[in-house]
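Peer 1: So the chains spell out like this:
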Amino acid sequence: SAVISQKPSRDICQRGTSLTIQCQVDSQVTMMFWYRQQPGQSLTLIATANQGSEATYESGFVIDKFPISRPNLTFSTLTVSNMSPEDSSIYLCSVPGLGSEAFFGQGTRLTVV
Amino acid sequence: EDQVTQSPEALRLQEGESSSLNCSYTVSGLRGLFWYRQDPGKGPEFLFTLYSAGEEKEKERLKATLTKKESFLHITAPKPEDSATYLCAVQAGTGGFKTIFGAGTRLFVKA
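Protein chains in written order, with the working numbering: chain A, 1 to 113; chain B, 1 to 111.
Chain A on its own, in the form it takes in the complex (with noise of 0.2 Å):
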């Protein structure tokens, strides 16, 4: 199974300003996937992170709200950016196993307030 570090664990946030988080995986792989978990609600896929193309997004989902990176195979970024109190949310990266089972990050917990 894959190791993921991800940071900031947590973090409060002014509404209209940017968070940067970023995802760390112990070993190679195509794709990263980030989602969102919204207080008492399933896990909500974002965006499709593959190296050495642009993401691909869900539907809702737009590039310049969550601009991702994928600079290499073992790392990525996702940007909240010009944040709202509905943006207040865990967000969760994660990468797929060997059986297409999903191994995950420990997730960041952000707050706008």
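For the record, the hints were derived by calculation from the structure and aren't laboratory data. Please note: incorrect hints may appear among the correct ones.
[To be verified] 20 Å max Cα-Cα, derived EDC-like pairs, lysine to aspartate or glutamate:
| no. | chain 1 | residue 1 | chain 2 | residue 2 |
| --- | --- | --- | --- | --- |
| 1 | B | Lys68 | B | Glu55 |
| 2 | B | Lys63 | A | Glu101 |
| 3 | B | Lys98 | A | Glu54 |
Let chain A serve as the given structure and place chain B on it in line with the hints.
Peer 2: Coordinates of chain B only, in the frame set by chain A:
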């Protein structure tokens, strides 16, 4: 549309009181059904993958089963440390590696 529904939303058990969590799914061609455990403030932790109806997997006090429409996570003689949110997820045969998650069942086990 691919969909995953978990029930109940919350379950309170006494230590030793066995029970089951349900995961109903609708998916176009099931590639795999997954169970995860999530503790507060942490990311989900992978438990099981089930691929076809009739398959069963076990790990300590947990046993996962799969039919064509639903999966059950049976918890035998639970302990307080089993308290967590249990998430069910499915991956369809189409759409790459996209995984659809249910909202989870919050399990509380009282000593």
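Peer 1: Are B:Lys68 and B:Glu55 close enough, with their CA atoms no more than 20 Å apart?
Peer 2: holds (11 Å)
Peer 1: Given the hinted pair B:Lys63 and A:Glu101, is their Cα-Cα distance within 20 Å?
Peer 2: Given pair B:Lys63, A:Glu101 holds - Cα atoms ~17 Å apart, limit 20 Å.
Peer 1: Given the proposed pairing of B:Lys98 with A:Glu54, does the C-alpha separation stay at or below 20 Å?
Peer 2: Judged against 20 Å, a Cα distance of about 17 Å means the pair holds.
Of the numbered hints given earlier, the model fails none.
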